[in-house]
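*Asks:* For reference, the chains in residue letters:
Number of protein chains: 2
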Amino acid sequence: MRIGLDAMGGDFAPRSPVQGALAVLPALPADVQLVLYGQRAAIEAEAASAGGVPPGIELVDCPEVVLMEDHPALAMRQKPHSSIAVGLQHLAEGRLDAYISAGSTGAVTVGSIQILKLFEGLHRPAIAGVYPVEDKQVLILDCGANTDSKPEYLVEFAYIGHAYMKAVYGLENPRVGLLNIGEEPSKGNQLAKETHAMLQKHGHTLNFVGNVEGWDLNRYAADVFVCDGFTGNILMKMVEGYYPYLKKILPYTPELEQLNFERVSGLPLLGVQGNVIIGHGSASPQSIGHLVHNAQDLVRSGLVTSLPPLVSGIWKAEATQ
Amino acid sequence: MRIGLDAMGGDFAPRSPVQGALAVLPALPADVQLVLYGQRAAIEAEAASAGGVPPGIELVDCPEVVLMEDHPALAMRQKPHSSIAVGLQHLAEGRLDAYISAGSTGAVTVGSIQILKLFEGLHRPAIAGVYPVEDKQVLILDCGANTDSKPEYLVEFAYIGHAYMKAVYGLENPRVGLLNIGEEPSKGNQLAKETHAMLQKHGHTLNFVGNVEGWDLNRYAADVFVCDGFTGNILMKMVEGYYPYLKKILPYTPELEQLNFERVSGLPLLGVQGNVIIGHGSASPQSIGHLVHNAQDLVRSGLVTSLPPLVSGIWKAEATQ
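Chains as they are written, first to last, in the working numbering: chain A, 6 to 326; chain B, 6 to 326.
Derived by calculation from the structure, the hints in this document are not laboratory data. Check before you lean on any hint, since a few could be wrong.
The list treats identical chains as interchangeable, and a pair is accepted whether it falls inside one copy or across any two copies.
[As the list claims (entries may be wrong)] 27 Å max Cα-Cα, derived BS3-like pairs, lysine-lysine: (1) 141 / 252; (2) 155 / 198; (3) 122 / 192.
The shape of chain A in the complex, shown without the other chains (with noise of 0.2 Å):
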């Protein structure tokens, strides 16, 4: 299994990927190699404190980087050189078996529409956030990969959630709710409503528990909290604040780790054809960790091959109601 990483991308890059790919080195199986993208002289400098990048990682030279400012949809046009556009092609190419950036989230997911395609049947991918709850995860999707939705992106996202829950943390049956401001299927904006009416439909297929609202994340009350990538972003970046808030205001106690967002998961963007994982902007060298360990469980989780027949079914599915 190979696995890419992009050096150039995060708040922290190149420290942090670098480091983060030295540290988690070690506990790699055999079978696991690790590639990392990026401009080889930023690279090497940083991997120079520990002896230079052992020869267990390949380097693959990027000399092209992807800002933060640099307009996510002309990106892969414009730098064609850069870590998320070669990585990327690597992935399309089967030269490798996942990527994982932390890089600008507009850029990555762009590219890899561009670059991998949507699986056929799929109308945008989701960004998947996995959220802590005790020692049991709750996937919230769409968490920005669209900022406008429509009810039909909304029945796709349950469907890959849904998969993801099954393929990744083996659930059997995830449950699956819909983000709303109300239990009752007459509640919510018209989104909701619409998207609502239409789960209800796929209710044999996907396991739908209905509406479930904000507190009902902590409750735990769905396995899968579907909703639009406006709603989606600000509650994961809301959670994603929590965290250092927390260490900021109370004593420290170990309890306070099962709070941390990061080190659960980095987000999947899900719907695209391969195995890619969104870090953290804030991501540290240990996260970097998570999200190589993340990788592999995906990689091994056969989610990418599980999908094909799964997409080409959603909307049949419901033709034959």
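The hints should help you fit chain B onto chain A, whose structure is shown.
*Replies:* Relative to chain A, chain B alone:
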């Protein structure tokens, strides 16, 4: 000052409102009169263990009860003798200075629009959530008075949120942020982008600090977070669910109380011609006491009298740009 309290509202009514009223009574200033609205028999039965309703509390018998399943738009007409309808009517007639209800948010909101009316010049009211950040407060609005919003609603919410933080918390020039999924003006869904452009034109009167994100709540990056009611409601309920969760998984320390959302405040309904406070559905007797104090602060702030000239100037200000 006369403060009305709905004895029939909330998940634990009449227990919470009645016990809360009894508990807060000794702490009330001499010029504050508490008035309970609800079914006399139910209130008296609840107060029996404390020796009955004390002479310091007035009781207005309201034989009808608005239930959670009642349609908000029809509730006032179908149940004109309910605690919500009678209390709001007394507020409109000047027989009360404020009315508190932890009952159906929809019914209280629609009832307030129908009975109290909006200030002239406003399209919609907003439910404001007061979120505690260390020893400060952040106002999130709208927390659910509206499902689908238009940019001009959000501009109006910015004005009334700004006025609220000024009047009630004494901030000289509260910072107004637009809750969004990126810092740049070009980020966001259609509603956020259009709202951002409008708010920029009001920067001279509003102290508009631009877009703020989910993590900016705990960073205290603005005093007022403006958003649509769908997003705000989900966020507020997420926060509401966080405190009981933290109490469950963390060892108890006094600092945890800082995270008790309910401790801080109810949800003022802003934009209607009267002081209305909506309590959390799960309101405890203790939090009912806080609501009574909130109501006094709101009345003393003079917000309701300061709003008409402000509100009538919102769109004039833009026209003269």
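*Asks:* Of the hints given before, which are not true for this structure?
*Replies:* none
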